[in-house]
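**Q** Sequence:
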Amino acid sequence: MGTLHLVRHGQASFGADDYDRLSDLGWRQCQTLGTWLRDSGVVYQGVLRGRLRRQRESLEAIAAALPGLPAAQEWPALDEYDSAALLRSASHLEPQALPPPQTAEGRRAHFRLLRRALLEWMAGRIQPEGLPAWAEWVSGIDAVLDHVCRHFDGPVLLVSSGGPISTAVAQVLAAPPATVVELNLRLRNSALSELQFTPARHALLSFNTLPHLQQPERQAWITYA
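To convert, note that position 21 of the sequence shown is 89 in this note's numbering; the numbers rise steadily by one, no gaps.
The reader is advised that the hints may include incorrect statements.
Claimed, not checked - FRET-style restraints, in silico, Cβ to Cβ:
{"hint": "1", "residue 1": "D88", "residue 2": "R269", "range": "31 to 37 Å"}
{"hint": "2", "residue 1": "A268", "residue 2": "I290", "range": "32 to 38 Å"}
{"hint": "3", "residue 1": "H160", "residue 2": "E128", "range": "37 to 43 Å"}
{"hint": "4", "residue 1": "D88", "residue 2": "A201", "range": "21 to 27 Å"}
{"hint": "5", "residue 1": "H215", "residue 2": "R254", "range": "23 to 29 Å"}
None of these hints come from the bench; they were simulated from the model.
Virtual Cβ for every residue (Gly too), placed ideally from N, Cα, C.
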C-alpha cells in the first residue's frame, strides 16, 4: 500500500501583477515543509506536479531539503483553473465592479464571486474561456490518480493547487461538486494532504495539515492565497 502526498503550493503573489510566483513567505513555507519531510524519513518513488510557476517553485523549495528526489512528471491536469476567466464568465452575477484585491473588502468580494463562479461552471451554466467543461476537468484528475495506482507502490509526492487537490479528495470521497468548492477555499498554502492507495483505489488519510508550521513563532506563516 502506497501513500500519495498532495501539497498545495506556497503563498503566491495575490493582488500583484503576476500572481503566478511564490512570495518570500511562500518559499519559506515550502522549504520548511521540505525539512519536515526529510526529518520524517520519507523517500519518494515518484514526483508529479503541474506546469505553473508557483507549483514549480514550490517543488524547488521542497527539493532543497530533499536531495535525490526523482525527476518530476509534469501533468497539465494539475494546473490550477483560471480564476480570472471564471470571474469574467460570472461577472453578470455581481452588479458592481469588485473592489481592489489588495484590500480586505476586495479579497472578500473576490472569493465570494469565485465561489459562485465555480458552482456555475460545475453546473454547466457558464463555460469560462480556456477552461474545459467540468466533466473533462474531473476526468483529468481521475487520470492522475489512476496513474499513481498503476505505476507506484511507495510514497509519491504531488505538488499542485487548490482546485486539483480538492477535486482529487472529493473524487476519493465520492463527494458532490459543491464539496470541492468548500475544500478548495479552505486549503492553506503548503498544506499537506494524504491519500493511501492500492492498485485499485485511493482512500483519504488526512487533509489540509501543516505539520511544519506548528511552532508558535510560525503561526503567522499560515496563509490561504
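**Q** Please go over all the hints and tell whether each is borne out by the structure.
**A** Status of the hints after comparison with the structure:
Separation of D88 from R269 is about 33 Å and conforms to the stated range, judged on CB atoms against 31 to 37 Å. The beta-carbon spacing between A268 and I290, approximately 36 Å, falls within the hinted interval of 32 to 38 Å. Judged by the Cβ atoms, the range 37 to 43 Å given for H160 and E128 holds: they are separated by roughly 40 Å. A beta carbon spacing of about 24 Å between D88 and A201 agrees with the range 21 to 27 Å that was offered as a hint.
Checked against the hint of 23 to 29 Å, the C-beta distance between H215 and R254 comes to roughly 26 Å, which is consistent with it.
Hint compliance for this structure: every hint is met.
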